[in-house]
Amino acid sequence: MTVDAGAQQITQYAIHGYAPVEVANPATAVELGAVVSNAVKNDCAVVPWGGGTHQALGKALILDGRDFVVICTRGLNRVLNYTPDDMTISVEAGMTWAELDEILKPNAQMLPMDVPLPERSTIGGAFAVGADGPRRLSWGTLRDMLIGISVVEASGRITKSGGMTVKNVSGYDLGKLYHGSLGTLAVVTSTNFKLVPRPRAEATARCEFSTLDDAFHLIDALHETQLVPAAVELVVERAARQWDASTQSAIEAAPARFQVAVRAEGLPGAVERHIRDVPTLAHAAHALESTVLSGDDHKSYWAYVNDLSRIADQPLDRLVLKLTCLPGQLQRLLAESIRIATLRQVLLSFNARAGNGVAYLRLRGGHDALIAFHRDLSQLHPRLTLMAAARGVRSQVPIWGNQLAGLEVMQRIKHEFDPHNVLNPGRFVV
Amino acid sequence: MNMESFISSLQSLVGKQYVVLEKAALMLYEADGCVITPHMPDVVIIPETTEQIVAAVKLARAAGVPVIARGSGTGLSGGSTPINGGLVITTTRMTKILEVDTRNNRVRVQPGVINFELSQYLGAYGYYFAPDPSSQKACSIGGNIGMNSGGPHCVKYGVTASHIMGVQMVLEDGSVLWTGDGAPDSIGYDLTGITVGSAGSFGLVTEAWLRIMRLPESVRVVLALYPDIVSAAETVSAIIAGGLLPSALEMMDKLVIKAVNDAYKLGLPDSAYAALIIEVDGVDDGLDDLMAEVVALCRQKGALEVRPAKTPEEQTRVWAARKNAFGAMGRLARSYYLVDTVVPRTKLPFLLDQVVKISKKYDLPVANVFHAGDGNLHPLVLYDKTRGDEDHRAHMIAYEVMKLCVEQGGVISGEHGVGLEKKEYMPDLFTTDDLAAMAALHQSFNASGMFNPGKTFPTSQQPHDLVLHRRAAFGLPGGVPLRLSFAVDGEHEHTAGVAANSVIDKVVAAGGWV
Chain A
1 MTVDAGAQQI TQYAIHGYAP VEVANPATAV ELGAVVSNAV KNDCAVVPWG
51 GGTHQALGKA LILDGRDFVV ICTRGLNRVL NYTPDDMTIS VEAGMTWAEL
101 DEILKPNAQM LPMDVPLPER STIGGAFAVG ADGPRRLSWG TLRDMLIGIS
151 VVEASGRITK SGGMTVKNVS GYDLGKLYHG SLGTLAVVTS TNFKLVPRPR
201 AEATARCEFS TLDDAFHLID ALHETQLVPA AVELVVERAA RQWDASTQSA
251 IEAAPARFQV AVRAEGLPGA VERHIRDVPT LAHAAHALES TVLSGDDHKS
301 YWAYVNDLSR IADQPLDRLV LKLTCLPGQL QRLLAESIRI ATLRQVLLSF
351 NARAGNGVAY LRLRGGHDAL IAFHRDLSQL HPRLTLMAAA RGVRSQVPIW
401 GNQLAGLEVM QRIKHEFDPH NVLNPGRFVV
Chain B
431 MNMESFISSL QSLVGKQYVV LEKAALMLYE ADGCVITPHM PDVVIIPETT
481 EQIVAAVKLA RAAGVPVIAR GSGTGLSGGS TPINGGLVIT TTRMTKILEV
531 DTRNNRVRVQ PGVINFELSQ YLGAYGYYFA PDPSSQKACS IGGNIGMNSG
581 GPHCVKYGVT ASHIMGVQMV LEDGSVLWTG DGAPDSIGYD LTGITVGSAG
631 SFGLVTEAWL RIMRLPESVR VVLALYPDIV SAAETVSAII AGGLLPSALE
681 MMDKLVIKAV NDAYKLGLPD SAYAALIIEV DGVDDGLDDL MAEVVALCRQ
731 KGALEVRPAK TPEEQTRVWA ARKNAFGAMG RLARSYYLVD TVVPRTKLPF
781 LLDQVVKISK KYDLPVANVF HAGDGNLHPL VLYDKTRGDE DHRAHMIAYE
831 VMKLCVEQGG VISGEHGVGL EKKEYMPDLF TTDDLAAMAA LHQSFNASGM
881 FNPGKTFPTS QQPHDLVLHR RAAFGLPGGV PLRLSFAVDG EHEHTAGVAA
931 NSVIDKVVAA GGWV
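In order, the protein sequence lines correspond to chains A and B.
So that you can map any letter, position 346 of the first sequence is 346 in the working numbering, and since no number is skipped, the others follow by simple counting.
Take any residue in the second sequence, count from 1 to its spot, add 430: that is its number in the working numbering.
Honestly, the hints are just simulated from the structure, not real lab data.
Mixed in with the good hints there might be a few duds.
Claimed, not checked - Taking lysine-lysine pairs in the BS3-like style, the calculated list, with each CA pair at most 30 Å apart, reads:
id: 1; chain 1: B; residue 1: Lys684; chain 2: B; residue 2: Lys790
id: 2; chain 1: B; residue 1: Lys688; chain 2: B; residue 2: Lys586
id: 3; chain 1: A; residue 1: Lys41; chain 2: A; residue 2: Lys59
id: 4; chain 1: B; residue 1: Lys740; chain 2: A; residue 2: Lys105
id: 5; chain 1: B; residue 1: Lys740; chain 2: B; residue 2: Lys688
id: 6; chain 1: B; residue 1: Lys815; chain 2: B; residue 2: Lys586
id: 7; chain 1: B; residue 1: Lys586; chain 2: A; residue 2: Lys299
id: 8; chain 1: B; residue 1: Lys731; chain 2: B; residue 2: Lys790
id: 9; chain 1: B; residue 1: Lys731; chain 2: A; residue 2: Lys160
id: 10; chain 1: A; residue 1: Lys160; chain 2: A; residue 2: Lys41
id: 11; chain 1: A; residue 1: Lys194; chain 2: B; residue 2: Lys526
id: 12; chain 1: B; residue 1: Lys688; chain 2: B; residue 2: Lys787
id: 13; chain 1: A; residue 1: Lys41; chain 2: A; residue 2: Lys194
id: 14; chain 1: B; residue 1: Lys790; chain 2: A; residue 2: Lys194
id: 15; chain 1: A; residue 1: Lys59; chain 2: A; residue 2: Lys105
id: 16; chain 1: B; residue 1: Lys815; chain 2: B; residue 2: Lys695
id: 17; chain 1: B; residue 1: Lys731; chain 2: A; residue 2: Lys105
id: 18; chain 1: A; residue 1: Lys194; chain 2: B; residue 2: Lys586
id: 19; chain 1: B; residue 1: Lys740; chain 2: B; residue 2: Lys833
id: 20; chain 1: B; residue 1: Lys815; chain 2: B; residue 2: Lys453
id: 21; chain 1: A; residue 1: Lys322; chain 2: A; residue 2: Lys299
id: 22; chain 1: A; residue 1: Lys160; chain 2: B; residue 2: Lys684
id: 23; chain 1: B; residue 1: Lys684; chain 2: B; residue 2: Lys815
id: 24; chain 1: B; residue 1: Lys791; chain 2: B; residue 2: Lys740
Unchecked claim - Calculated Cβ distances over 10 Å to all of chain A for the following chain B residues:
id: 25; residue: Ser435
id: 26; residue: Val465
id: 27; residue: Ile466
id: 28; residue: Thr522
id: 29; residue: Leu552
id: 30; residue: Val589
id: 31; residue: Tyr694
id: 32; residue: Ala726
id: 33; residue: Leu762
id: 34; residue: Phe780
id: 35; residue: Lys852
id: 36; residue: Arg900
Glycine included, each C-beta is placed from N, C-alpha and C at the ideal position.
Please put together the full structure from these sequences, using the hints given.
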């Protein structure tokens, strides 16, 4: 294990402006456990760190005078168990998504997650933040693919739940508890997943509309069919343009295009059917045009879409929000977002998992305008998670939205799992 | 509060006719489908509303009486057996489908709704609820949630946990919590996800939002018959490894084929030693090609006969054979012991071979009908419990199969749950520290221990002891155990951390289950 204490390495791991006292790079789960034990002994807090692509997420650390240690998991990047014909795999938390894909590719298998920045993002990190991707429509998230997990607890001890079988009801499902818990209950050291076959064929029908309503005519029509698209993503660049207060008019830019990308995967016949039917439905919904993407065009388009929800390395005037709602509420909430963005004179782009009810909103504008946008939208809809923003903005808006059911139970869980509040203190909901 | 005033309070709460007190009637509630360790409740109520359950929980808490939730009683691990007595709250009158919302792929139901009836109801909308346990014609949604039920179609669509969007639950303090409403990625810890499969030990589920799915445009089903069970198992491996993504992949062996043949006149050839039911679904396009590929694979692996079921009627008949297999077992033996274990899928041929050997060793027939695509074995030990030591031998077979599965990288339960039946085997899979993490979760919801005591955790490692063990690792004072009057009798002398394997040895040496 190596420990970095040089000034340069340390600042690289700063969180919301706080620098750690130490960056540990354990190579095994046992070493990781020792780091946590030592941190507790020295009255330090612990921040688990995978690829660092989602460290902007969450509230500021509450250290109460303590120092904190960053535990970088990249040294834990081995495959622990992979029998391809079982269609399951156990991998350590520090492996990146790109590394995992290289391992699965020769066996025509995949873990269909579509995280942003797969070259950097780690499996443990994506699990801890509860990441999602466009293909959650057909495969769900890691919550649905996880079959077993090992963690280092806040006491430094290693525990596990689940196993290597695709079905398992032996004891409580702690994997569900750790998923999306932002490393506040334990540090994930390895995860076991069920795998699925790589599709034999895949292609995309990308349909462009001039209005949000038309785009939703296609989305609603698709919902009524028995088609089974792998993803239905609504991609909109510059939904609301900058407002020029002096001239009381929109600053001219290319007019907004509302893109609905329907990804089809599976049997060649089934993919052809989707590629045939979707443009017909789009035409009826007044699409400007529909394009079929296949091969490298299809691949690079989805790599672009997957990266849209990234929050690493965002410019300081940028606000990134994740809005979650029922799929049937999405159209109204996006229309309201456009209205408010125009009113508040901020630039808005977004992409949405239209079949699921998840939207990532990206805003650019002045400090006050961004805060005003957030206030207006969260009055209409409380389920807004702040993914990234400049410090001045993040200090003035609720990071985890305004609606949280079961806070008392969550507090009890946090207290049982991390009684000394060592793991990512203050950053999550409790 | 004494028992008398507790009961009269219950009577004024739900009405006298919905409070069960007579001994003969209470006996109906002494076990679920797992009858090895029955125990009578003190009282049963059959409420109609969430508010009544809230009031009942408050009364029970004040009276120091354990509360056990019960759906249709079809469970197979003793999850709803009132092992310490107490109050059983059964949901058989809470059968309303409250709201169908197809635009948001969800339906809101009361917990007593029957699984099969829900999917029948949703069929009119072009939707269904995917989890379909074999008991689906009788089992309740509340039970499915409590046990995280499986079923044939989980191989493609996942177990119950992936289909529950949120639950309304009554907590131990009598408060009511909705954990979700169908909007994705609930903020905070995933209370829905951890509650599914907790066997009513976190609270009582009184309503739920379920994820519903559009019925597939097309379905193809094939019945393939084999001269031996190993070639059938090899077909299963080839279908999974070949990435054919079946929506169901089920196996039945010779004994089961005979039983369903006799019962349902299916006319399957007697020479068949194994049958596979293989289903694929999706849009119609390409499905025939996929089916042709499946048929070719079956033949290549030595199938005697491959029968495609094209029409919905034919498909229903093939499925009836599978879904009613347990019912047909009565033709073969007076009793059966249904074992539920899972192994990594490539271990299936080996396990099936070993099951035959174990069956011979104890000289009792074992039938196999199971979710092959998931590696989820269901050996059915056929015996007569009134005859000699057959009861003991049946349990020994179950024990050996389970032990072997664990040795092969499997686990002790795939879909029936731990409940009472398998709690003593938990240390085979989990260390005391692992169990203590589960106990921490138990503690967060059920600190009083009032909900469904005596389940999931081995007798020697009860949740409160485990919590103290765990707190000690954090340097926290243990203090007095928090356990109040809900404890399993005679457990106080045990402490956490008893050597794991000795528990099982003791159970077996004692001649069976605890």
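Q: Taking the numbered hints from earlier one at a time, note which ones the structure violates and give those numbers from smallest to largest.
A: Violated: hints 4, 6, 9, 11, 13, 14, 15, 19, 22, 24, 30, 35 and 36.
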